[in-house]
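Undergrad: Listed below, chain by chain, are the residues.
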Amino acid sequence: MQKKLQQLKELKLNCYNGDYLLNSEKTNDELIATELIAEIFKQLHKESKSFKSFNSGLAISIFRDNSTRTKFSFASAVNALGLGLEELDEVKSQIAHGETVRESANMISFLAQTIGIRDDMFLGEGNKYMREVSEAVAEGFEKGVLHNRPSVINLQCDIDHPTQTLADLLKLKDYFGSFENLKGKKLAMSWAYSPSYGKPLSVPQGIISLMTRFGMDVTLANPEGYGLIPDVIKQIKNYEGKFKIANSMEDAFKDADVVYPKSWAPFNVMQRRTDLLKKSDKDGLKELEKECLANNAKYKDWECDESKMKLTKNGEALYMHCLPADISGVSCKEGEVSKEVFEKYRIHTYQEASFKPFVIASMIFLTRMQNPVEKLEKILSR
Amino acid sequence: MQKKLQQLKELKLNCYNGDYLLNSEKTNDELIATELIAEIFKQLHKESKSFKSFNSGLAISIFRDNSTRTKFSFASAVNALGLGLEELDEVKSQIAHGETVRESANMISFLAQTIGIRDDMFLGEGNKYMREVSEAVAEGFEKGVLHNRPSVINLQCDIDHPTQTLADLLKLKDYFGSFENLKGKKLAMSWAYSPSYGKPLSVPQGIISLMTRFGMDVTLANPEGYGLIPDVIKQIKNYEGKFKIANSMEDAFKDADVVYPKSWAPFNVMQRRTDLLKKSDKDGLKELEKECLANNAKYKDWECDESKMKLTKNGEALYMHCLPADISGVSCKEGEVSKEVFEKYRIHTYQEASFKPFVIASMIFLTRMQNPVEKLEKILSR
Amino acid sequence: MQKKLQQLKELKLNCYNGDYLLNSEKTNDELIATELIAEIFKQLHKESKSFKSFNSGLAISIFRDNSTRTKFSFASAVNALGLGLEELDEVKSQIAHGETVRESANMISFLAQTIGIRDDMFLGEGNKYMREVSEAVAEGFEKGVLHNRPSVINLQCDIDHPTQTLADLLKLKDYFGSFENLKGKKLAMSWAYSPSYGKPLSVPQGIISLMTRFGMDVTLANPEGYGLIPDVIKQIKNYEGKFKIANSMEDAFKDADVVYPKSWAPFNVMQRRTDLLKKSDKDGLKELEKECLANNAKYKDWECDESKMKLTKNGEALYMHCLPADISGVSCKEGEVSKEVFEKYRIHTYQEASFKPFVIASMIFLTRMQNPVEKLEKILSR
Chain A
1 MQKKLQQLKE
11 LKLNCYNGDY
21 LLNSEKTNDE
31 LIATELIAEI
41 FKQLHKESKS
51 FKSFNSGLAI
61 SIFRDNSTRT
71 KFSFASAVNA
81 LGLGLEELDE
91 VKSQIAHGET
101 VRESANMISF
111 LAQTIGIRDD
121 MFLGEGNKYM
131 REVSEAVAEG
141 FEKGVLHNRP
151 SVINLQCDID
161 HPTQTLADLL
171 KLKDYFGSFE
181 NLKGKKLAMS
191 WAYSPSYGKP
201 LSVPQGIISL
211 MTRFGMDVTL
221 ANPEGYGLIP
231 DVIKQIKNYE
241 GKFKIANSME
251 DAFKDADVVY
261 PKSWAPFNVM
271 QRRTDLLKKS
281 DKDGLKELEK
291 ECLANNAKYK
301 DWECDESKMK
311 LTKNGEALYM
321 HCLPADISGV
331 SCKEGEVSKE
341 VFEKYRIHTY
351 QEASFKPFVI
361 ASMIFLTRMQ
371 NPVEKLEKIL
381 SR
Chain B
383 MQKKLQQLKE
393 LKLNCYNGDY
403 LLNSEKTNDE
413 LIATELIAEI
423 FKQLHKESKS
433 FKSFNSGLAI
443 SIFRDNSTRT
453 KFSFASAVNA
463 LGLGLEELDE
473 VKSQIAHGET
483 VRESANMISF
493 LAQTIGIRDD
503 MFLGEGNKYM
513 REVSEAVAEG
523 FEKGVLHNRP
533 SVINLQCDID
543 HPTQTLADLL
553 KLKDYFGSFE
563 NLKGKKLAMS
573 WAYSPSYGKP
583 LSVPQGIISL
593 MTRFGMDVTL
603 ANPEGYGLIP
613 DVIKQIKNYE
623 GKFKIANSME
633 DAFKDADVVY
643 PKSWAPFNVM
653 QRRTDLLKKS
663 DKDGLKELEK
673 ECLANNAKYK
683 DWECDESKMK
693 LTKNGEALYM
703 HCLPADISGV
713 SCKEGEVSKE
723 VFEKYRIHTY
733 QEASFKPFVI
743 ASMIFLTRMQ
753 NPVEKLEKIL
763 SR
Chain C
765 MQKKLQQLKE
775 LKLNCYNGDY
785 LLNSEKTNDE
795 LIATELIAEI
805 FKQLHKESKS
815 FKSFNSGLAI
825 SIFRDNSTRT
835 KFSFASAVNA
845 LGLGLEELDE
855 VKSQIAHGET
865 VRESANMISF
875 LAQTIGIRDD
885 MFLGEGNKYM
895 REVSEAVAEG
905 FEKGVLHNRP
915 SVINLQCDID
925 HPTQTLADLL
935 KLKDYFGSFE
945 NLKGKKLAMS
955 WAYSPSYGKP
965 LSVPQGIISL
975 MTRFGMDVTL
985 ANPEGYGLIP
995 DVIKQIKNYE
1005 GKFKIANSME
1015 DAFKDADVVY
1025 PKSWAPFNVM
1035 QRRTDLLKKS
1045 DKDGLKELEK
1055 ECLANNAKYK
1065 DWECDESKMK
1075 LTKNGEALYM
1085 HCLPADISGV
1095 SCKEGEVSKE
1105 VFEKYRIHTY
1115 QEASFKPFVI
1125 ASMIFLTRMQ
1135 NPVEKLEKIL
1145 SR
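Chains as they are written, first to last, in my numbering: chain A, 1 to 382; chain B, 383 to 764; chain C, 765 to 1146.
So that you can see chain A by itself, here it is in the shape it has in the complex (with noise of 0.2 Å):
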């Protein structure tokens, strides 16, 4: 942990007082920050000592969609903080009568630290309410309204997932042993069959933007149609990475070491999805959804197979899902692995995910700490 602590001081960060709302608009230094942090806590925690930051506060979660996972990580992250959590539940709220974002925003913060958001369902929608409500905070901050100006953490948007991708590639760090191995590493994100609709865009968007970014050779597959953002796949040519687009699971599998099988919905039908969800249009809803899954059902070969994996380095690719898959024949018929594929990896899987709650702290540690490196020597030193 000394090791990690030099490192850290060795790197510009520019957090505090900000949020964390999408991995593209950090530097390289403050995503290395995010992560080293993380693993400094998640060791503490493995050596049952604590990283307790604050003495009192609130953290707030609001979830525009459904969660079990990233709901737990984020109760486990502030909790170990010292945080105490309250979810605004916008349905019994009178957020849902009409209140301006900017006004609630401010009610809900006059003694909270950080702010964490779901809203991937719409897009165009998710992390643009973000950045209302991270407006809101700041404003309220400055004119004294809050004492402190709370970070909005993105816990997931239409746009990226900052911290599964960030979850995901210390997963990558450790399985590799460094950021410096994954460098021209193969990985394949291909999309896989999913009985169900709808899934959001921002694993697959976040996950080739930030691999890419630290070296690794990124491939992205998918069923004509299926696209992913085009601003996204515009910004990767940037990255010091090589990105490819690949027609086939197959094609992308080929002597990867990495590979991401995962469903989600394409493009356009988001767009029009968002656009009768706005409508409050039922039957239209009713009817793309019939439409979609119709056309889903095309690419039932789409599934993370045994004989896939074959195709992969040495056959032994390591195989990454941010959980929760579509295991053929345990939680569908049919879907995006295996059952034979996903129970071989099923405890790297688990293991994946396990860094998300110290990615999340981190992430409420750097935002609101004056001085990171100064504060993490005094817990260290506890």
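No lab work stands behind these hints, which were simulated from the structure alone. Among these hints, one or two may not hold up.
Unchecked claim - Incomplete in silico selection of chain A near chain C, CB under 7 Å:
#1 Ser50
#2 Phe54
#3 Phe72
#4 Ser76
#5 Asn79
#6 Ala80
#7 Pro195
#8 Gly198
#9 Lys244
#10 Ala246
#11 Ser354
Source: prediction; values computed, not measured. Backbone N, C-alpha and C define an ideal beta-carbon position, used for all residues, glycine too.
Assemble the complex: chain A is given as a structure, and chains B and C must be docked to it using the hints.
TA: Chains B and C alone, transformed into the frame defined by chain A:
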């Protein structure tokens, strides 16, 4: 803060092992103590100093009406004091299955320090329910069932809304410089038009009672038939400040230092509504809502706009609201306040609200600490 | 308390890194240790002394049936121990979407110390589910996914209700003076009429098992067809106290020192109900409820009233109930107990319940502390 502590020492307090159910039951000394401690807590929070006062224990909240602000204010207060929050959800819980209040109040209170209740929907019911809970836990404490006697805190009832009005009073003190400076200042509490119906009477009732008590000259204005509970009006006559009733928002606003335009349902409508709700008469309720909204619509000119604000002292009266306001053209087509007036005073209304968590913390502190001044000295010397 | 600590030192305990799923799986030493620690915690709380035992960590609750008392008892216990509470709401969460228990149990447990579960609706299912969760987190701990092995605490299942019955046992110890004094005392566990249906069998099963084990002479009485799980009855024969079955409440009450009249659903009804629920057969369920209520109605005279109480030892047996009781003329027209009898013993039933938070805290403490006695010594010396 030392000066405030000195002031506190001179006050005669008898709050320990009691409740906070109505401002009218508290002595002037007790009201002033509540405000002074709230100010001390706010200052401590501003300086990032803890006012943690409990090592453990539960704070229970019972919300029989929707709430965002009060819920988060209560959550913030109890977290800062060191208590854990547990919400009693009556729909889910067995209380809905015929349990007596007496029994369940004890069953949830074994390790509780305080119980915050919002019950403002039914005339003659809300405050009564709070007293039933209070009697139940007092008996439990006497008979050795409970080791502590949790205090019951009124988070808004049918009669009063002490956490709101004491926050309002702190805003006024802050704005005009001292309690002394409030004497003779003119406050207009006026009904205002809203497209909704059934808003509680507790805020206007609480405002006119508390502010006359602190020496303000209060004018109440409402359309014919929109009167408040007669007993509350009667009581005010004993207080220090002058009190009169005007027939229009304009009349009330003339030369006012402070205006508080806010919608509420007429007393007799609330009575009929309570009867219908008790009978579960859904058709009757729909009919009443329709009738009431139609009646409201006659008074759409009861909007706080720039022309009416010009009637106030130098055209610059302080605009107050307990939030959320129905803002014309923002949260509704036509409402309580024009967009321009609200925007001018928006930050003021946020600051007004910002006192509430500290007022709640102060109420809990006063009702649960045997020697509040001594305890405060310990906190300040940490 | 020092005396209790001495007693504890002489007990052989093997609870660390285990669960608390059934009293029948615990040794006498372990049961006694649970009770002694609960008494120490209660005494500390009475003296306003903290028994905080964790610096941070989550306690997770999973309530698959409604609950007020147990929910607040669990919340109270974990708060006092220093843990943060996070409820898994299965309807909202993705667990409802086909996740395996194994996976989700790990996903919520990364920073968890304990998981409290209530699952008492389906015969053959509740305790089984608890074991699945337990196996899942045990595997996660072994494989390095989890840094701790959270204990699973049975907050009521289809077989047993250990937190309730151990609280009942503490009440009996308190009432009669010692465990020793319980030997030979006569307890009547009797079915009683209730206008509801489908109440779990776990309380009567748990009571007759635990109290015979502590040497009481237990008589079980129920109308024909209202028997308990046969395996539970079989097991009792090995215990120290006598056990017999009577045909009427009157028979059971004769000369009893303690009576526990309580409604439950017949074993075979619970089996049919479980089958129908699995098949989601709503019509079948309605039919069964109707049939069952009609059958219950034949036994309205199974009410604990003053004339039946006169049959008990000196007419002064202790009346017990796990609450809420169906009180004739109070919470229902005709129920388990008359108003007069209940009112006479009301405070006793409240005190009975007051042990529960401390029993739960004790179970968590014993399953999570490697050296519980050493830890207790530290707590007592604070």
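Undergrad: Each hint should be assessed against the structure and marked as holding or not.
TA: How the hints compare with the structure:
no.: 1; hint: Ser50; in the structure: holds (4 Å)
no.: 2; hint: Phe54; in the structure: violated (11 Å)
no.: 3; hint: Phe72; in the structure: holds (4 Å)
no.: 4; hint: Ser76; in the structure: holds (4 Å)
no.: 5; hint: Asn79; in the structure: holds (4 Å)
no.: 6; hint: Ala80; in the structure: holds (5 Å)
no.: 7; hint: Pro195; in the structure: violated (10 Å)
no.: 8; hint: Gly198; in the structure: violated (12 Å)
no.: 9; hint: Lys244; in the structure: violated (33 Å)
no.: 10; hint: Ala246; in the structure: violated (29 Å)
no.: 11; hint: Ser354; in the structure: holds (5 Å)
Taken one by one, the earlier hints fail for this structure at numbers 2, 7, 8, 9 and 10, listed in ascending order.
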